[in-house]
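Quick mapping for you: the protein sequence lines, in order, are chains C and Y.
According to the numbering used here, the first sequence is numbered sequentially starting from 1.
According to the numbering used here, the second sequence is numbered sequentially starting from 467.
It cannot be assumed that every hint is accurate.
[To be verified] 25 angstroms max Cα-Cα, derived PhoX-like pairs, lysine-lysine: (1) Lys158/C / Lys769/Y; (2) Lys10/C / Lys338/C; (3) Lys384/C / Lys677/Y; (4) Lys310/C / Lys416/C; (5) Lys583/Y / Lys319/C; (6) Lys10/C / Lys544/Y; (7) Lys158/C / Lys677/Y; (8) Lys544/Y / Lys283/C; (9) Lys10/C / Lys774/Y; (10) Lys627/Y / Lys10/C; (11) Lys186/C / Lys294/C; (12) Lys283/C / Lys294/C; (13) Lys627/Y / Lys545/Y; (14) Lys309/C / Lys283/C; (15) Lys386/C / Lys677/Y.
Hints are computed from structural coordinates only; laboratory data are not their basis.
What follows is the residue order along each chain.
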Amino acid sequence: MEHAILEERKDQVHVKGSGPFAMACNRDSLAGAVSQRACVFCGSRVVLYPIADALHLVHGPIGCAVYTWDIRGALSSGPELHRLSFSTDLQERDVIFGGEKKLKAALLELIARHSPKAAFVYATCIVGIIGDDVGAVCRQVAEETGIPVIPVQSEGFKGNKREGYMAACRAMFQLVGTGDVSDVPKVSINILGDFNLAGEIWIIREYFERMGVHVVANITGDGRVDDIRRAHGAGLNVVQCSGATMELARMLQDTYDIPFIRASYLGIEDMADSLYAVAEHFKARDPGIVARTKALVREELSKLLPELKKYRKALEGKKAAIYVGGAFKAFSLIKAFKHLGMRVVLVGSQTGTAEDYEELAAICDPDTVIVDDSNPLELSHFIKEKDVDVFVGGVKERPIAFKLGVGFCDHNHERKEALEGFVGMLNFAKEIHASVTSPVWRFVPRREMRPGIPTGMPPEAQEVRS
Amino acid sequence: MKDAPFVSTTNACKLCTPLGAALAFRGIEGAIPFLHGSQGCATYMRRYIISHFREPMDIASSALGEKQAVFGGGPNLKKGILNVMEKYGAAVVGVASTCLTETIGDDVPRLLYEFRKEFADLPLPEIVSVATPSYSGTHMDGWHAAVAATAGQLADPEAPKHDGINVLPGLISPEDIRHLRDIFEDFGLTATILPDISDTMDGPALLDYEKIPSGGTPLADIHAMSGARATLEFGRVLGLAESAGHVLSRRFGVPCISLGLPMGIRETDALFTALEEVSGRPTPSRYVRERGRYVDALVDGHKYVSGKRAVVYGEEDLVVGLTAFLAEIGVHPVLVATGGRDKRLKAAIAEACGDMVPELPSIREGVDFFDIAAEAGELSPDLMVGHSKGYRYAREWNVPLIRVGFPIHDRFGGQRLRHVAYGGAQAMFDRIVNAVLGRKQDVSPVGYGYL
Numbered sequence: 001m002e003h004a005i006l007e008e009r010k011d012q013v014h015v016k017g018s019g020p021f022a023m024a025c026n027r028d029s030l031a032g033a034v035s036q037r038a039c040v041f042c043g044s045r046v047v048l049y050p051i052a053d054a055l056h057l058v059h060g061p062i063g064c065a066v067y068t069w070d071i072r073g074a075l076s077s078g079p080e081l082h083r084l085s086f087s088t089d090l091q092e093r094d095v096i097f098g099g100e101k102k103l104k105a106a107l108l109e110l111i112a113r114h115s116p117k118a119a120f121v122y123a124t125c126i127v128g129i130i131g132d133d134v135g136a137v138c139r140q141v142a143e144e145t146g147i148p149v150i151p152v153q154s155e156g157f158k159g160n161k162r163e164g165y166m167a168a169c170r171a172m173f174q175l176v177g178t179g180d181v182s183d184v185p186k187v188s189i190n191i192l193g194d195f196n197l198a199g200e201i202w203i204i205r206e207y208f209e210r211m212g213v214h215v216v217a218n219i220t221g222d223g224r225v226d227d228i229r230r231a232h233g234a235g236l237n238v239v240q241c242s243g244a245t246m247e248l249a250r251m252l253q254d255t256y257d258i259p260f261i262r263a264s265y266l267g268i269e270d271m272a273d274s275l276y277a278v279a280e281h282f283k284a285r286d287p288g289i290v291a292r293t294k295a296l297v298r299e300e301l302s303k304l305l306p307e308l309k310k311y312r313k314a315l316e317g318k319k320a321a322i323y324v325g326g327a328f329k330a331f332s333l334i335k336a337f338k339h340l341g342m343r344v345v346l347v348g349s350q351t352g353t354a355e356d357y358e359e360l361a362a363i364c365d366p367d368t369v370i371v372d373d374s375n376p377l378e379l380s381h382f383i384k385e386k387d388v389d390v391f392v393g394g395v396k397e398r399p400i401a402f403k404l405g406v407g408f409c410d411h412n413h414e415r416k417e418a419l420e421g422f423v424g425m426l427n428f429a430k431e432i433h434a435s436v437t438s439p440v441w442r443f444v445p446r447r448e449m450r451p452g453i454p455t456g457m458p459p460e461a462q463e464v465r466s
Numbered sequence: 467m468k469d470a471p472f473v474s475t476t477n478a479c480k481l482c483t484p485l486g487a488a489l490a491f492r493g494i495e496g497a498i499p500f501l502h503g504s505q506g507c508a509t510y511m512r513r514y515i516i517s518h519f520r521e522p523m524d525i526a527s528s529a530l531g532e533k534q535a536v537f538g539g540g541p542n543l544k545k546g547i548l549n550v551m552e553k554y555g556a557a558v559v560g561v562a563s564t565c566l567t568e569t570i571g572d573d574v575p576r577l578l579y580e581f582r583k584e585f586a587d588l589p590l591p592e593i594v595s596v597a598t599p600s601y602s603g604t605h606m607d608g609w610h611a612a613v614a615a616t617a618g619q620l621a622d623p624e625a626p627k628h629d630g631i632n633v634l635p636g637l638i639s640p641e642d643i644r645h646l647r648d649i650f651e652d653f654g655l656t657a658t659i660l661p662d663i664s665d666t667m668d669g670p671a672l673l674d675y676e677k678i679p680s681g682g683t684p685l686a687d688i689h690a691m692s693g694a695r696a697t698l699e700f701g702r703v704l705g706l707a708e709s710a711g712h713v714l715s716r717r718f719g720v721p722c723i724s725l726g727l728p729m730g731i732r733e734t735d736a737l738f739t740a741l742e743e744v745s746g747r748p749t750p751s752r753y754v755r756e757r758g759r760y761v762d763a764l765v766d767g768h769k770y771v772s773g774k775r776a777v778v779y780g781e782e783d784l785v786v787g788l789t790a791f792l793a794e795i796g797v798h799p800v801l802v803a804t805g806g807r808d809k810r811l812k813a814a815i816a817e818a819c820g821d822m823v824p825e826l827p828s829i830r831e832g833v834d835f836f837d838i839a840a841e842a843g844e845l846s847p848d849l850m851v852g853h854s855k856g857y858r859y860a861r862e863w864n865v866p867l868i869r870v871g872f873p874i875h876d877r878f879g880g881q882r883l884r885h886v887a888y889g890g891a892q893a894m895f896d897r898i899v900n901a902v903l904g905r906k907q908d909v910s911p912v913g914y915g916y917l
């Protein structure tokens, strides 16, 4: 273990029960450590991307736009402008002479072509260096076209994903308050921090509608500019995800006095608790809401629990590892694994805060390894040491698991399976089950060598390999 | 030069320069690709590359923050290399710059010179550096520049002459490289293939996570490239800068034999002719028979594909190879497009078509998929040939997409696709014929089960 962790990262790894809890986090990534994190631009792009009727123009060289082209499962029920990748594709001469003219021309061209409801212009690293006045160009184009054209200050090097979230929230906040809210009912919410991966926000919206709660704006899954303009009319903000949209919720509270609650739609307890919390909030205005919510949860659980049992049998006692972007998701996943009879032995996130890690430590079993801003070498080390059966993460974590012969569940933005809601819990169980119980593991080197399982290899070969 | 009237880019048909460099460095034994820039670049490229190869792809980053962007990234670069040395035990660190560090004016060669002096007491890895500003060129320019930098910086001027050959294959699949290696071995040739991603980007399941995947071009072989008998360099157009083959020829007098990507019969014949000359041996019977079987297959299948109209897009050297192959099988390329610029593509495509097509395709450089779609929509293509990013258009026009090259993000096994030599042509021909048959079967009201 000593070898796998760089000296400077030692206080970003903690083994529960190994001493008093103290964990360093929210640091800049260490140079040369192959962090799994991205950048400020990534944070902004992730949050704003699902707004489907806006133009998302990446101002910079081609890479930032092309690596984020239609890679997420964020679905739209209508326009799909977000699935196109727009860039100013800055060239050397633009870097020398400035990119403002090109930006303006590109904006005018694309707005004329696609008639978006608004345009977001993402500043990338280089724009911050060459000093393009993105704000001024946006103001000019907004005047000429009559649509909001909003700069997103997302220069990659100006921090990590978290700063990108903030920049995205500040950009969205420019839209808030510009729509008519006279017909918005009092019992209404904005859904913040859900990105409608594989249609998840539709599952959640349906629950709220069954409870009698009106949804004003999806922020941002299946999002629309006009809905965000009216977001200030909602009675409550329900915020999922660790940090992505929290800043917007705070701004809505400070400016429009709209309270917010945190929610998670993953797993059973967190899903139910989220609905109950919303019901609790509105029960003075709508006395029937608590009963309706209880009935909803009961109905969903009566469908879900018998199904889950089938999967739990095969999964009981298996070990899981979790490495995700935000720590909030990790809380829900730990609980979800408990319903499958599984133990989480390694958990971590790219951008957790001190409070997040304290809470993680509190709900974990003893000996669980907790990591912040980890990397392939650390993760592979602990996966092996803990003899993990399934790893939950994103695309960058998948080959780590697979190379070592460990099951995997993609829980990132690329996934195409809905994992939220009660039905999502079932999908989660199915996916974990499908991976963990596959016969392929008996052929991977790690398992081939386990006593009791025939390896099909001559004994001398086994000796060499052990 | 951009062959399109628009200022904005929609759905680019290229990737950024440092990605190509990072991928090329991954083909050197014991090497870690290292991006001097902000953390996001490395992470985005890792994700993009992993999704194609389904293999670990660690790219280190100097992870510059705001302070370093103002005061210079030198300290982070040095510290990053030290950390990579400590953690990965890298024998080679391949440093590629990014738009950020090129623009703030970091002088990477000078920083590395300082680094080597400052830490002369440590066992230092070989460090190769390449300038890859993402605002200049495409991932293929980055690839070629990294290969040229590796050859130029690591080949030993004192290396003794030897009988081996150098092979600079360009960006082809791990399966392609394995196939080429077999060919060279069958000719009795010792070949240094640079880079060699056949194992590093397509390795076996393992007991332990390898910090740096096994395989890649051995460092000792790279040192000896300057003493080789000849260099075979694939690519009719290559990059913007001086190619590795030219570097080896100019500096060490290693003759450079320029070939196209060996796709289809003529380009593969050219490769085998070159190998016969270099080795002094006739083509082994295995390949004579392989070629014969391929010609037999062309005859058997020609009517299914004859006169079909194809849109071909992707990296400039790849589209030249594909066009040569398609023209030979009787498919008419109607549009050949690349995101790269200033590549003299027109001449290369005309050459690849020869007199086998009724008219030359429309040839476009510096275009994106918006431009490709605008033009191809009027050309009523029957099929598309390229990487998986053309899928949205193939779907829109209801034509099959034959997935080749990189990236293939929506199908399984891109790393194992074979494109080169007679075997590769056979594999692509089978896939194209089957795609046409499949489409015919799917849209047929009869649903023939015998075609």
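Note to self: Run the distance test for Lys544/Y versus Lys283/C: straight-line Cα separation, threshold 25 angstroms.
What the structure shows: 60 angstroms, violated
Notebook entry, point to check: Given the hinted pair Lys186/C and Lys294/C, is their alpha-carbon gap at most 25 angstroms?
Noted result: 21 angstroms, holds
Notebook entry, point to check: Taking only the CA atoms, is the gap from Lys384/C to Lys677/Y under or equal to 25 angstroms?
Noted result: 14 angstroms, holds
Check: Would the pair Lys10/C and Lys544/Y pass a check requiring their Cα atoms to be no farther apart than 25 angstroms?
Finding: The given pair, whose Cα atoms are some 21 angstroms apart, holds under the 25 angstroms limit.
Checklist line | Hinted pair Lys10/C and Lys338/C, Cα distance within 25 angstroms | finding: Violated. Lys10/C to Lys338/C sits at ~29 angstroms, over the 25 angstroms cutoff.
Check: Given the hint that Lys627/Y pairs with Lys545/Y, does the C-alpha gap stay at or below 25 angstroms?
Finding: Between Lys627/Y and Lys545/Y the Cα gap is close to 38 angstroms, so the pair fails against 25 angstroms, i.e. violated.
Check: Does Lys769/Y lie within 25 angstroms of Lys158/C when you go C-alpha to C-alpha?
Finding: 59 angstroms, violated
Next item on the list: For the pair supplied as a hint, Lys10/C and Lys774/Y, confirm whether the alpha-carbon distance does not exceed 25 angstroms.
Entry: The given pair, whose Cα atoms are some 61 angstroms apart, is violated under the 25 angstroms limit.
Notebook entry, point to check: Do the alpha carbons of Lys627/Y and Lys10/C lie within 25 angstroms of each other, as the hint requires?
Noted result: Violated - the C-alpha atoms of Lys10/C and Lys627/Y are around 49 angstroms apart, more than 25 angstroms.
Notebook entry, point to check: Holds or violated: are the alpha carbons of Lys283/C and Lys294/C at most 25 angstroms from each other?
Noted result: 13 angstroms, holds
Check: Is Lys583/Y close enough to Lys319/C, meaning Cα to Cα at most 25 angstroms?
Finding: 48 angstroms, violated
Item checked: Proposed proximity, Lys677/Y with Lys158/C (alpha carbon, max 25 angstroms) -> 30 angstroms, violated
Checked against the numbered hints given earlier, this structure breaks hints 1, 2, 5, 7, 8, 9, 10, 13, 14; the rest are met.
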